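If you're matching them up, the sequences are chains A, B, C and D in order. Counting in my numbering, the final residue of the first sequence is number 1344, and the numbers go up one at a time with none missing. Counting in my numbering, the final residue of the second sequence is number 1344, and the numbers go up one at a time with none missing. Counting in my numbering, the final residue of the third sequence is number 1344, and the numbers go up one at a time with none missing. Counting in my numbering, the final residue of the fourth sequence is number 1344, and the numbers go up one at a time with none missing.
It is possible that some hints are incorrect.
If chains are identical, the list can't say which one is meant, so a pair holds when it fits in one copy or spans any two.
[As the list claims (entries may be wrong)] Keeping only pairs whose Cα atoms sit at most 16 Å apart, straight-line, the calculated EDC-like set for lysine to aspartate or glutamate is:
(1) K1299 with E1330
(2) K1111 with D1148
(3) K1228 with E1105
(4) K1133 with E1067
(5) K1133 with E1205
(6) K1133 with E1103
(7) K1083 with E1266
(8) K1230 with E1280
(9) K1073 with E1205
(10) K1159 with E1104
(11) K1141 with E1075
(12) K1133 with D1068
(13) K1121 with D1051
(14) K1161 with E1330
Keep in mind that the hints were calculated from the coordinates and are not lab data. Note that this is a predicted model, so its numbers are computed, not measured.
There are 4 protein chains.
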Amino acid sequence: MLLSRSWRAVSVLLSEGLSPAWKQTRNHAAAARLDLRGIYPPIATPFTPQEDVDFQKLEENLQKYAKIPFRGLVVQGSNGEYPFLTEEERVEVVKAVRRSLPADKLLMAGSGCESTKATIQLTQKMAAAGADAVLVVTPCFYKGKMNSPALVQHFTKVADNSPVPVVLYSVPANTGLELPLDAVMGLSEHPNILGLKDSGGDITQIGLIVHKTKTQDFQVLAGSAGFLMAAYSVGAVGGVCALANVLGREVCELEHLCVSGRLEEARALQQRLIEPNAAVTRKLGVPALKQAMEWFGFHGGACRSPLQPLTEAETQQLRRDFCSNGWL
Amino acid sequence: MLLSRSWRAVSVLLSEGLSPAWKQTRNHAAAARLDLRGIYPPIATPFTPQEDVDFQKLEENLQKYAKIPFRGLVVQGSNGEYPFLTEEERVEVVKAVRRSLPADKLLMAGSGCESTKATIQLTQKMAAAGADAVLVVTPCFYKGKMNSPALVQHFTKVADNSPVPVVLYSVPANTGLELPLDAVMGLSEHPNILGLKDSGGDITQIGLIVHKTKTQDFQVLAGSAGFLMAAYSVGAVGGVCALANVLGREVCELEHLCVSGRLEEARALQQRLIEPNAAVTRKLGVPALKQAMEWFGFHGGACRSPLQPLTEAETQQLRRDFCSNGWL
Amino acid sequence: MLLSRSWRAVSVLLSEGLSPAWKQTRNHAAAARLDLRGIYPPIATPFTPQEDVDFQKLEENLQKYAKIPFRGLVVQGSNGEYPFLTEEERVEVVKAVRRSLPADKLLMAGSGCESTKATIQLTQKMAAAGADAVLVVTPCFYKGKMNSPALVQHFTKVADNSPVPVVLYSVPANTGLELPLDAVMGLSEHPNILGLKDSGGDITQIGLIVHKTKTQDFQVLAGSAGFLMAAYSVGAVGGVCALANVLGREVCELEHLCVSGRLEEARALQQRLIEPNAAVTRKLGVPALKQAMEWFGFHGGACRSPLQPLTEAETQQLRRDFCSNGWL
Amino acid sequence: MLLSRSWRAVSVLLSEGLSPAWKQTRNHAAAARLDLRGIYPPIATPFTPQEDVDFQKLEENLQKYAKIPFRGLVVQGSNGEYPFLTEEERVEVVKAVRRSLPADKLLMAGSGCESTKATIQLTQKMAAAGADAVLVVTPCFYKGKMNSPALVQHFTKVADNSPVPVVLYSVPANTGLELPLDAVMGLSEHPNILGLKDSGGDITQIGLIVHKTKTQDFQVLAGSAGFLMAAYSVGAVGGVCALANVLGREVCELEHLCVSGRLEEARALQQRLIEPNAAVTRKLGVPALKQAMEWFGFHGGACRSPLQPLTEAETQQLRRDFCSNGWL
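One chain only, chain A, in its complex shape (with noise of 0.2 Å):
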């Protein structure tokens, strides 16, 4: 199934219901030359041990996390536990970043719902929330039925009505759904979508979309440290890395590494994170990566019920996993 390369045809393809706001309203040429280049943490959100949002443990991880070199934060990504949250707490959250963040640094912000209406209007308060981008995660309930059009439609109708620029999030584990190349490449032409958060960490695919969205300025930013050095390989500009939380310095070492061709130092150093970086995502989940950051003295906690706390023979395999790298 072919889409239309042309912005001009998929918007005929697309007009009816849809009002393409930017067009009258916003600089979207500004928008587009936004740069993600580098590497962001997707935050964990601290609780009470009520499992209320704890902003002060949030605001002393904020702090520690500003002195580290990373491009910005992003804020309800599936590490922030959103699902948990009600939309006021995600945008509390986000303003309360915000008002921490350094000026210099970018705040991308999820906001992405089953239903498009929702995601519009919750686009648009995470914008008001002082968000520069949104991170907007693939609907995936229905996901028999999240085809490239289906899809194409969504981002579009969001990103017509969203007043910063959006990046797609493609997240297979959790959604259970591969945002499909042609919607990539569709997507890729409109105005208001600067690029994708890929954590699917399929390389050829990662390397095919990057090629095949060449002409748009299109930026594509490793979902996870585990491929980090390969992303950089085949084109991607950057990182959202939950162990970014953990072992920031050295995730941002090792773009330093990758951008300035020491390629050897880079592999050494990207093999010692597969094995932390794995523990504290697809083996272990957020539990783990608020365990390590206790590890590495940020606020984790515990998270929000259903997930349940590390068990003592899942701890010890996390300690193991960041001792045998030589990380504690």
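Starting from the known structure of chain A, arrange chains B, C and D on it as the hints suggest.
Same frame as chain A, now just chains B, C and D:
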């Protein structure tokens, strides 16, 4: 990973943080006897052209359903597009159905959310809105962490805090997650958990669940008309069937033939329902269900975005699947 | 992708290169009437400690099976470890079984290979060795290319060149491939294709196959005891059940209860067979089947490498699955 | 499940039944030093119109390949249609290649079978036919039982009894099975196991394998041109690439750019190879590989049945994937 079969043991295992409110405050012996036997359509939610809930059309559908020998209705199941509704809309729809529904019919309301806390809150609102029981889907975004202990913890807390009985809901096609047998076995011992709607359709698993929960009066409902007769053969007691929105009398007739042992007639009818059922579920989804409803005298209409209307080719395929089995 | 329903059309479609030998040389009307109804154990292959086929032990098993009211035996099914045998061994085992088997019992021999050519050759050898019918598994190594046209072509050529009737064999757990409905429908019209052994266990699909091949006298066999009763309920005519190697009388009793409409007794027996069946198939595989055979008075013994003996923990789990259902 | 990292421990674990012939009879220190670095086409097998191996055309292809700076050839890989060849044919093809191949090029022969015994026998025949090393695919029919201990046992026995070094081969798209990391780690310590051809393409896993086998001089080869540059970036030493049958010089050029650190040129070339590579592998398979070979001056021709020729639409798609990247 074997769960203790004894509810006492499960209670001890899960004791910390649980407030088994039901122990003091409700008559769960009564709750446990709520008889679920029969057929339930998981009703669709009609929308206006502006994508608002169309309560007028909903009411007209309900009046038609009142003449069909359903055991009750499921409100806010997957076919009700609940992930696209706000919490307020979800509750309002339940209230509207309650006002219309004859007193002898059960109202089972979907109240599942990703977090335990939100699920408990919505469960209590659904009970207040008049639900006789709640249908609670497995949380699924963090599917890698939704193992049996996490799911047992989640459903136990919900059941502990629910004023009405709970029915578990496993729908892997949407959630990417199957509720494991050991979790079902453990949860079947909770006095406020009545049964399971299984939409996975693994008939061996369904038979085993019936077998392993035999002492608990645990009631299994087939989650689709496609395997309804097979599910009866291995011990299910009813069905929540999307197709019953369209061919309600016929699904009830199939139930009747199954429970009265008229197997040849049942088989012939079951076979004619498989393709129409697949068309409005797995193959073409909710938009097809709503289209077919229109053909059979009900209000279907459009879905909320990002669900797209059927293409012309899909509409023809849908029609063929009804025609070739003699329904159109 | 719809296949023509008319055999004439299929023939034209596939005409090049096909030599429909059956048209002139055999009485396929007779072949088509071969009645498959009943239960078949897919017999295990005993080995000596040196991993040679142990024909003596095989013979002793056969004498015990002769006293059980099986319809026949499947030789060289998945449970016979056929992928580990040479072509010569496969044929020799069939010859040995033929010598021993009473004349009124069917011998169905597995003759599937990856290439069409090799499958035809082995099919003809199996017929010469005394097979009444052949069971032909889907080729699967190039699974990405095994779409309906390729599979229809393959099975058509095999059936055209087979001196005995062909039974299709779909076993996704081993092949990673399900024989698609449209291919089954097309192939059901071939006069030398009798039916299908379905080990996938998708009961909706099984019901639909029965429905869509109704005019062809196409016979569906359940490929596992786990869903035997459900398969009967939707129109299957028998079963090829690994568990029948161990609990042969009981599986035949379940058949008897199903076909005579004694549903409550059937259900109770079916439920007690699910766990033992899962243990000797999906969960623990052929080594468990052979271990359980030893417990019930048959020769099982070791598998060929790389299949490993059960660990102690696995043996205990296997025993539990028989004990907790009252079989040990 | 952690395997002992020490080969001694593995030996003890696996001791029964193993005859570590290599300990006495061969100079494995030498074997371990066989340098695999470079590019290998897994050559296709040309057939005559009667589906016999066409040795004449094979020879003509080999003469053309001799002019390309390959490190060697893989004979009887998946692209050689080995599952469709008899054992005799498999050996004859290797002999034919050996006669033609310049002495300084490596001949790696596929010798994997389902059983350990058959694999050992074919391995020895391949060595006798002139193979410098053997490529041994994971057995896969009983995939549910092919856990790490079974696979370690299998490959250890094969390596113990092989006169030439062994390269492991993991190709999940065909086998439905990924060789687990712990098995690779254990096997990397065997003196007669040189490395791994990884066709799965999980770049994080590839990086981790390189990292965890660092002390063993274990050599990882990318199993596809689609992720060749990424694999080099994380430490692979070469590639076995179907596309090298068609664009051999270009794949070798990509290797050259990668190892000499000319990353921008490498990236541009890599990106242009992804679509043609996908077309001749995952998307359209061996028939497409053979069609593309024809376009580029090699003998491709038809596949053995059940592999079907490309449809007209597929041929056009294949052509587009080469044209749009500037290769046709």
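> Which of the numbered hints above does this structure break?
Replying inline: 3, 5, 9, 10 and 11
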